[in-house]
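Asker: Below are the chains, spelled out letter by letter.
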Amino acid sequence: MLRNLEILDTFPKILRDNSKIFAKKAAIREKEFGIWQTLSWKEFYYNAQLLSAGFKSNGIGRGDKVAIIGDNRPKLYLSIAAAQLIGAVPVPCYQDSVADEILYILDHAEVKLVIAENQEQVDKILEVIDRLPKVKLIMYDDQRGLENYKNSKLLPLNKILEGSSEKNISWIDEEIDKTLKDDLAIMLYTSGTTGRPKGVLLTYNNLISVTGKACEIENFTSDDEVVAYLPMAWVGDNTFCVCQSYISGFCVNCPESRDTLSIDLREIGPTYYFAPPRVWEAMLTQLMVRMQDADRVKLWIFNYFMNVSKKWGSLILDKKQVPIWSRLLYGLGNILVYGPLKNNLGLTRVRTAYTAGEAMGPDTFLFYRSLGINLKSLYGQTEASVFVTLQQDGDVDPETVGPAFPGVELKILDGEVLYKSSGVFKGYYKNEEATKETIDSDGWVSTGDAGVINSKGHLKIIDRAKDVGKLNSGAIFAPKYIENKLKFHGIIKEAVAFGDNKDFVTCFINIDLEAVGSWAERNNVAYSGYIDLAAQEAVYKLIEKSIAVVNRDLSKDIDLSSSQIKRFLILHKELDADDGELTRTNKVRRGAISERYGELIDALYNNAQTCHIKTQVVFEDGKKGDISANIKIKDMKTFSSEEKAA
Amino acid sequence: MNNVVKNIKSNLIMSINHVNLSFGGLKALVDVSLNIYEKQILAIIGPNGAGKSCMLNIISGIYTPQEGNVEWKGEKRGKIAPHDIAKMGIARTFQNIALFRGMSALDNILTGRNLLMKRGLLAEVFYAGWAKEQEIIHRKKVEEIIDFLEIQSVRKTPVSRLPYGIQKRVELGRALAAEPELLLLDEPMAGMNVEEKEDMCRFVLDVNEQFGTTIVLIEHDMGVVMDISDRVAVLDYGRKIADGLPKDVRADKKVIDAYLGVG
Chain A
1 MLRNLEILDT FPKILRDNSK IFAKKAAIRE KEFGIWQTLS WKEFYYNAQL
51 LSAGFKSNGI GRGDKVAIIG DNRPKLYLSI AAAQLIGAVP VPCYQDSVAD
101 EILYILDHAE VKLVIAENQE QVDKILEVID RLPKVKLIMY DDQRGLENYK
151 NSKLLPLNKI LEGSSEKNIS WIDEEIDKTL KDDLAIMLYT SGTTGRPKGV
201 LLTYNNLISV TGKACEIENF TSDDEVVAYL PMAWVGDNTF CVCQSYISGF
251 CVNCPESRDT LSIDLREIGP TYYFAPPRVW EAMLTQLMVR MQDADRVKLW
301 IFNYFMNVSK KWGSLILDKK QVPIWSRLLY GLGNILVYGP LKNNLGLTRV
351 RTAYTAGEAM GPDTFLFYRS LGINLKSLYG QTEASVFVTL QQDGDVDPET
401 VGPAFPGVEL KILDGEVLYK SSGVFKGYYK NEEATKETID SDGWVSTGDA
451 GVINSKGHLK IIDRAKDVGK LNSGAIFAPK YIENKLKFHG IIKEAVAFGD
501 NKDFVTCFIN IDLEAVGSWA ERNNVAYSGY IDLAAQEAVY KLIEKSIAVV
551 NRDLSKDIDL SSSQIKRFLI LHKELDADDG ELTRTNKVRR GAISERYGEL
601 IDALYNNAQT CHIKTQVVFE DGKKGDISAN IKIKDMKTFS SEEKAA
Chain B
647 MNNVVKNIKS NLIMSINHVN LSFGGLKALV DVSLNIYEKQ ILAIIGPNGA
697 GKSCMLNIIS GIYTPQEGNV EWKGEKRGKI APHDIAKMGI ARTFQNIALF
747 RGMSALDNIL TGRNLLMKRG LLAEVFYAGW AKEQEIIHRK KVEEIIDFLE
797 IQSVRKTPVS RLPYGIQKRV ELGRALAAEP ELLLLDEPMA GMNVEEKEDM
847 CRFVLDVNEQ FGTTIVLIEH DMGVVMDISD RVAVLDYGRK IADGLPKDVR
897 ADKKVIDAYL GVG
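Line order of the protein sequences matches chains A and B. Note that the first sequence covers residues 1 to 646 in this note's numbering. Note that the second sequence covers residues 647 to 909 in this note's numbering.
Because the hints were derived from the structure by calculation, they are not lab data.
With a straight-line cut-off of 30 Å between C-alpha atoms, the simulated BS3-like cross-links for lysine-lysine are:
#1 A:Lys298 / A:Lys310
#2 A:Lys159 / B:Lys786
#3 A:Lys430 / A:Lys466
#4 A:Lys614 / A:Lys634
#5 A:Lys150 / A:Lys134
#6 A:Lys31 / B:Lys843
#7 A:Lys25 / A:Lys167
#8 B:Lys778 / A:Lys31
#9 B:Lys843 / A:Lys150
#10 A:Lys167 / A:Lys153
#11 B:Lys778 / A:Lys24
#12 A:Lys31 / B:Lys764
#13 B:Lys787 / A:Lys159
#14 B:Lys893 / A:Lys623
#15 A:Lys150 / B:Lys787
#16 A:Lys31 / B:Lys787
#17 B:Lys843 / B:Lys802
#18 B:Lys764 / B:Lys802
#19 A:Lys623 / B:Lys843
#20 A:Lys25 / B:Lys786
#21 A:Lys624 / B:Lys843
#22 B:Lys893 / A:Lys150
#23 B:Lys778 / A:Lys25
#24 A:Lys150 / B:Lys685
#25 A:Lys42 / A:Lys13
#26 B:Lys843 / A:Lys614
#27 B:Lys685 / A:Lys159
#28 A:Lys298 / A:Lys342
#29 B:Lys787 / B:Lys685
#30 B:Lys802 / A:Lys298
#31 A:Lys420 / A:Lys181
#32 B:Lys786 / A:Lys42
#33 A:Lys342 / B:Lys802
#34 A:Lys24 / B:Lys786
#35 B:Lys802 / A:Lys31
#36 B:Lys786 / A:Lys31
#37 A:Lys13 / A:Lys159
#38 A:Lys624 / B:Lys893
#39 B:Lys843 / A:Lys573
Next comes chain A alone, as it looks inside the complex (with noise of 0.2 Å):
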């Protein structure tokens, strides 16, 4: 549906106007005692008010920042348009982060309020609060164990929304008038790969411009259906949940926790699905580890179909020309295989799925586009609104993102990828500097990660920039390339290359304990829990014949051939955000693991067999404890560019 966003140029508008258009029509649904519970957008739209009012008379106006911490709860995606209609800005932090980084937020963005989830979340401010004396008032959703907490700045959103039941609320409609296209839409915090996260100003210009234009491309209509079960910190999920679904009036459905996704995506059906690569990885691993307990016709039927899906069912998404034999098998394979599977995975109905913010190996990928799933790369970024580029129907290459985004203007200058677009952001908040640094002076904005356009004129990450380095033999070293390869193999779950200003490339390892696990119980490997596991002798066999493929692999690159792993070894911990080595979403932070495991590194360099460790580790609860192990390490074959031709 095309709507005037020229006029319709902010949220709050759109969301008074979606009341009315589709005011019967579900916008949000959540599953609460195992029923799933629907608000129309006409009761979005009045609740969404009601808080609003509710936030106004406890003093919280145009400009001010008001901070969301929890799972994604229809009463926060309420809260985030409640603020929005008076003007003030949604501030959405990660829900996992300890205190010290919700401090380290809060602080920073100035926030007066902040609505929490439950009782998690409230507890993990009140530890800080002392430290936060701008924060006015916390608002939370779910009240169970908060009965006997004394705390007077604390405070139930049902009361707010029963408080303002009685008022008039009229007023709303002139605030929402105000509201300019060039206004605060929200402002988030970027994962922080590197340094203090950095709060990116969006407008709504920037969210309504970008987002717009991909409702446009995708079709999306209002009889759609998403599921929220992303970070709603993450600019994705304010993408795919808020901006899209004001825009084209589909519905956000909220599972009933994080335990139960998997049932409620099968009951839901979305049809436009977002999910980054580790959670389709996950996916097809856990998928295949099931399948080894099939039995043996199952299990023929499985293999033989997938092969025929493999050969054939990427064409037939793409409309190419395909034998009529060929298509007569796939359609029998969709029968027994491949439409049960799509069922099982609540993956049936789905017309969009997206991947975006890592790479993604081109097996996995091809796998879901094989099975009829309309998966599509994208690359975007926070300071962009999300979409840089996107992959088109008819047109995708796994190994690049995609063409430019329509509207968006792509360059590579030294390597590294700079855009331009509508999309571009206000700044960082409070970090002129730093804004200076990304924005230049003509708009473009540097992405700091290092690419390539090929002749079709479609993009090639190929590493962060900075992180891209030498070898001492003067070949250019991309860890993350390498990484990615390693990552595409289920058994690794998590790499970390090194060979900057080093003779050789090394790396550690972490294993997937899912496909590790499985496959030690089907080859009577006993173990005893991670650390035991990640030291078997035969893991590290195993390990090192997925080595030995990569390596294979970057032989046939002459640019990479240098690049082959020399020597390696497995982490006897898993690397956690907690503990500092991973971001929030998951990304690796070189700076930290090199200082951490700084010993790890010098052994992988002097030829020694083995390394002992001590590791402190942050549980869960935030207690501290140490983990020690000796680490073994392996050494690796290459390959010479003669072994490739034999």
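Mind docking chain B on chain A? Use the hints.
Answerer: Same frame as chain A, but now just chain B:
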């Protein structure tokens, strides 16, 4: 501090007076008296064979003592049928899991509402208006318990497929479904790993705090007992050797002797 305040305010909900219980020549309980106060968590501890489970069976009315009596809310209780005890507002869980293994978690918890269901077979068969109404009321209550115990993801899974710790949680859920005033837990944390134990402790405390349920539990893990109980009673060879606040009991010489053995 908390314990003391609670002690003063609490009313007596059940008192067991000078009870003797024996099986043939074996004296399981000898002249034991015990008071259970409203909204408190009382732990009964003791070495193996001390008579803890017998005590629980007397409270729940499965055993009738040969001597002595049991008063429930000030009234003497005679021999009584198990379903009448449930109607009084006493529910329990068992040392070994006693769930319907083939039924889902939801159905298992729903069985806990059995006594509260008022309906005719015919109405139920035809799903007539008020049977439907009843069904909705009970299902809602069960869903609240599922939410409370955070087992939404296994709602429809047959319990035999669930891990031990979750099965224990379902069992607790079934006991809660009867909306008891007095909840008896027979070794709720036995055989659990640390994480499962922590979860269970939190649920026991939450039940006590949110629903105001009085809880009597038998437990071997001293850390758990000292952490969550308001009062602790210690049995040894069928006799009560101590009864009081956890910190006092822990320091009691007789208790230390019973547990460590005296040379």
